[in-house]
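**Student:** Residue numbers (our numbering): 2 to 83.
Honestly, the hints are just simulated from the structure, not real lab data.
Careful, some of the hints might be misleading.
[What the hints assert, rightly or not] Derived Cβ-Cβ restraints for the label pairs, each shown as a range: (1) Gly-17 x Val-67: 18 to 28 Å; (2) Val-72 x Ala-36: 19 to 29 Å; (3) Gly-50 x Phe-73: 34 to 44 Å; (4) Val-67 x Thr-24: 17 to 27 Å; (5) Ser-69 x Pro-49: 31 to 41 Å; (6) Ser-74 x Arg-22: 18 to 28 Å; (7) Ile-9 x Glu-41: 18 to 28 Å; (8) Asp-46 x Ser-74: 39 to 49 Å; (9) Ser-37 x Glu-70: 20 to 30 Å; (10) Ala-36 x Val-5: 18 to 28 Å.
Computed from a predicted model, the values in this text were never measured in an experiment.
Where is the CB? At the ideal position from N, CA and C, for every residue including glycine.
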Amino acid sequence: MNPVSRIILDPSILVGKPVIRGTRIAVDLVLELLASGWSEAMILDEYPGLEHEDILACIRYAQEIVQSERVFSTSNQEKIAG
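Input sequences plus hints: build the corresponding full structure.
**Tutor:** So this is what it looks like as structure tokens:
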């Protein structure tokens, strides 16, 4: 199974935010917990309906979003900051 197939976007669930299939747990929540230092074990303890593969799917989903971004090069750093 494609890991990202565990992630769904449904307008009737959390206004269409990407969530883990069969839950109302948003991908960004899982990513925020990981970024805040939560271990996988801590997340699975707090959200017992989740599986290891769900956490991997969240990471893969984020990776695919970042990979698909278009990047525009600029030689003027001030334009970016200002």
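**Student:** None of the hints should be skipped; say for each whether it holds.
**Tutor:** Going down the list of hints, with the structure as the test:
Between Gly-17 and Val-67 the Cβ separation comes to about 20 Å, which falls inside the hinted range of 18 to 28 Å. Checking the proposed 19 to 29 Å range against Val-72 and Ala-36 shows it holds: the Cβ atoms sit about 22 Å from each other. The hinted range of 34 to 44 Å is satisfied by Gly-50 and Phe-73, whose Cβ atoms lie roughly 40 Å apart. In this structure the supplied range 17 to 27 Å holds for Val-67 paired with Thr-24, their Cβ-Cβ distance being about 23 Å.
Restraint check, Ser-69 to Pro-49: a C-beta distance of roughly 32 Å satisfies the suggested window 31 to 41 Å. A C-beta distance of roughly 37 Å is found between Ser-74 and Arg-22, which places it outside the suggested range of 18 to 28 Å. A C-beta distance of roughly 21 Å is found between Ile-9 and Glu-41, which places it inside the suggested range of 18 to 28 Å. Checked against the hint of 39 to 49 Å, the C-beta distance between Asp-46 and Ser-74 comes to roughly 44 Å, which is consistent with it.
A hinted range of 20 to 30 Å for the beta carbons of Ser-37 and Glu-70 is consistent with their spacing of about 23 Å. At about 19 Å, the CB distance of Ala-36 to Val-5 agrees with the hint of 18 to 28 Å.
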